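Each chain is listed here by its residues.
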Amino acid sequence: MHTGQSLSGAPLNTPLTLVSVAASPDHAHRLSTLGIREGSQLRLLTRTIGGGRIALVAGSRIALGSDLVRLLRAEVA
Amino acid sequence: MPEPTRLRLPIAPTAQGSSPVSAKCGCHAVADRTAGADAPVIALVGAPNTGKSTLFNALTGSRVTMGNWPGTTVEVSRGVWRSTLLTPSCTCTDCSCDSSDEPTSLTVMDLPGAHSLDAHSPDEALTRTLLVDGPADERPDLVLATVDASRLAHGLYLVAQLRELPVRVLVIVTMADVASQRGVTLDPASLSTTLGCPVVVVDPRRRTGLDELAIAVRRILTTATPTPRSTPADDDQLVLDDDRFTWLSAAVDNGTSQPDGHRRTLSDRIDRWVTAPVVGPLIFLTVMWAVFQVTTVVAAPLQQALDGLFSGPVTDAVAAALTATHLQDTWVEGLLLNGLVAGVGMLLTFVPLMALMFVLLALLEDSGYLARAAVVTDRVMRLIGLPGRAFLPLVVGFGCNVPAISATRILPDARQRLLTALLVPFTSCSARLTVFVMLGTIFFGNQAGTAVFAMYVTSVMLVVLVGLILRRTLWRTMGSEPLIIDLPAYHLPTLRLTASVTWQRLRGFLKTASGLIVATVCAVWLLQAIPTTGGEAFGEVPVGDSVYGVMAHAVAPVFAPAGFGQWQTASALMVGFVAKEAVISSWAQTYAAEEPAPGQTGVLGEHVRAAFEQSSGGHPIPAVLAFMVFLLAYTPCIATLATQWREIGPRWTLFGIGMQLVTAWVLAVAVFQVGRLFW
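In order, the protein sequence lines correspond to chains A and B. Following the numbering used here, the numbering of the first sequence begins with 1 at its first residue and continues without gaps. Following the numbering used here, the numbering of the second sequence begins with 1 at its first residue and continues without gaps.
Just to be clear, a hint being listed does not mean it is correct.
Stated by the list, open to error - Footprint (simulated), chain B over chain A, 3 or more residues, beta carbon under 8 angstroms:
1) 22–31
2) 45–55
3) 59–65
Said to hold, decoys possible - Some, not all, of what chain B presents toward chain A, calculated at C-beta under 10 angstroms:
4) 153
5) 245
6) 382
No lab work stands behind these hints: they were computed from the structure. Quick caveat, the model's predicted, so the values are computed rather than measured. Using N, Cα and C, we set each Cβ at its ideal position, and we do this for glycine too.
Please put together the full structure from these sequences, using the hints given.
Shown next, in the form of C-alpha cells:
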C-alpha cells in the first residue's frame, strides 16, 4: 500500500520525498537515471499545460507529462 | 623536425560481443578527421546540454552542430586535437611549452548525449555500442565525461556506470559559472578523490581550462587502465541503482557545498509563464508566428533580389559572353541560360530563406526555449504518436520543407524523426503559396484568400490524417513515450554559436541540394530541347514537340479523372517536381510556345482557365481545387527530396514519394468527382 499523494495533487514549491514510482520498469529506470527515484527529494516548480509538472530534482529541472505525474507518489518532507 | 609522438596504450579486455560499429573504425563518423591509426582515441560523452559539442569544437577546431537542446549531437563526429601539452615527454604544468615543439595529435570523438549507458534512444544505443558492446581493442583509449556543475548529481549517473568499466575516465566539469551563480561551491580535488578519476573544470563556451585538460589527458593516457569500481553481485537493476546513487551522492556531498533552501532562478521565473496552461501556448504561437513571418516575409525581398540578379545582370552577362563567342542562338545558350544559370540561380534564391530559418532555429535552441516549446505542444502532437518537439519541424515546413526536414534532427528517436520527415512535405511551403495565389485569383476572384486559406487548413488536416494512418499501420509498434524532458537553463544565445550552427546547416543544405538541383534543371532543359519530329533543330523546338512535351502528353491521361488531364498542366506538375515555383513559369513557357488564339497573346490566366474548362468538361472550379490539392500533397521539390535522402535514406525517400503521389491522386480525384456534383 502506497502512502503519500500523487504528484498531480502535491503542492507546488514544497519539499517532497518520492515514496513510490508506479511507472513501467523502463520508464522507472529512465527516471532513476535523472535522479527521480524512491527516496529522492524533489520540489514541484510549475504546473504545465495538460496537467504535467516541472520538478526540481538535484538541481535539474525535469518536465514530466501528466500520465507520469499520476504514477509518482510523494509526501511532504 | 621530429615525428609527432604517437601513443599506443593497451586496452584491457572487457565485455563479450562485437559490433560493426567501433570507436576506431569510424563507421558513423561524419567530420571525419582522425589523427592516424596509431593515435590515441578519446571519446566525449555526457548528458545532453553539458557543453560536449562546444568542447569538441574548442579542442578540434571543428564546427559540429551545437545547441541548448537534448539530442543536438545525433551523429558521431571526429576531429583531431593537437597540442604540445599532450606530448608524453612534456613536463609542463602550465602553458609554457616551446611553441616550436611538435604537437601531439589525438583523435576526438563527440558521441551523442546520453544520461546513461542504458540506450533509451538510438543515439544513446550508439554511445553504448561504441563504449561497451564494441570489440575491446576498438574502444576509445580514454573517455572524457562532461558533467554540469550546477546539477552535478544529474551527470554523475553516467560516470558511475563508466567507472564500472575497465576504461580510463576523466570527468570534465562544465557550467561552473552557472553553479556559482546558484551558490554552489565546487571542490574538484575532493570530487576527484571520491570518483576515483581526475576532474578538470573547463568552460567550453569561453575556452578556459583547456590547457589544464590537456595536461590531465596527457597524464592519464600514460597510466594503466584503472580497476573498475566494484558493484553489488546482485543483478537486480534497482539494487545496482541504489549502489550507484549512494556512490554519486557521496561524491556530490564531498565535492560541492550549496546553500540550504531553494533559490528561485531566472529560468524558474521564465518557466512559470512559458509553460503555463494558457499563457504558454499563446507565447508558443507568437514565437512560431514570428518564425513563420520572418521566413516568409523578411526572406521574400531577399529572394526576389537574388532572382532579379540572376534573371537580369547575370543572365545578361552570360548572354553577352555567348554573343562575344558567337554561341548565341545555339543549344549552348539554352543549356547555360535555361539550365545552369537558372538552376544555380534558383538554388541561391533559397539561401536567404535557409539562413534566416537556421538562425532562428539556432537562437531557439541555444536560448533553451525549444525544450519548453516541446512541453507546450506535447499533448497535441501525442495524438499522432509524436512528441511535442516534433511540432517545430512541421511549423518550419510551412516556410520551407528543406530546413524542416533538417530540423527533424532535434528528435532523439530515429522512428520519430523518420515519421516526421515523411509528414513534413504535407505542410504547405511558401513556394506552393505562389501557385495557390495565382490560381485563386484566376478562378475565385475576391474569394482567392479564402481558397488559399482552405489549402492551409487542408495541409494541417493532411499532416494529422496521414500521421494517424502511418501511426496505426507502419508505426503501430512505436510506443508512446511519456513526457520526460530535462530542461536546460536559459542561455543568452552567443553570436559565435549561432553563426557556427547556422553556417554548418547552410553548408550542409548547399552541399546536398546544389548538385541535384542543377542536374535536374539541366535534365529538364535537355528534355525540352530534344525534338521528336523531323525538321526541328536541337534546342529550338516548341515544348509540345519536345521529348518533354511527349512525356507530358503520355502522363496527362492519368489526371483526367481529377479534371486536369491537359498536357500543359501535366507538364507543369512535372516541372513542379523540381520546384513548385517553376509551375507558373512552366505554364508561361508552354503557352507562349503554342500558337496563341487571336487576342489572347500573353494572357496566361485566360489560357489556364480555358485549359481547366476544357479538361474538366465544364467543371473548372472542382478541377482547379483538385489541382491545388494535388499540388499540395504530391512530391515536394527536388531540394526537399535531396534533404530527405540525406536524413532518412533512399528507401524511405522513395516510400515517401510513392505515398505522396498516391495520396495526392486519390484526394484530387475525390475532390473533382465530388465537386462536379455541385459545381
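Against the structure, the hints:
no., hint, verdict
1, 22–31, "holds (count 7)"
2, 45–55, "holds (count 8)"
3, 59–65, "holds (count 7)"
4, 153, "holds, 4 angstroms"
5, 245, "holds, 7 angstroms"
6, 382, "holds, 8 angstroms"
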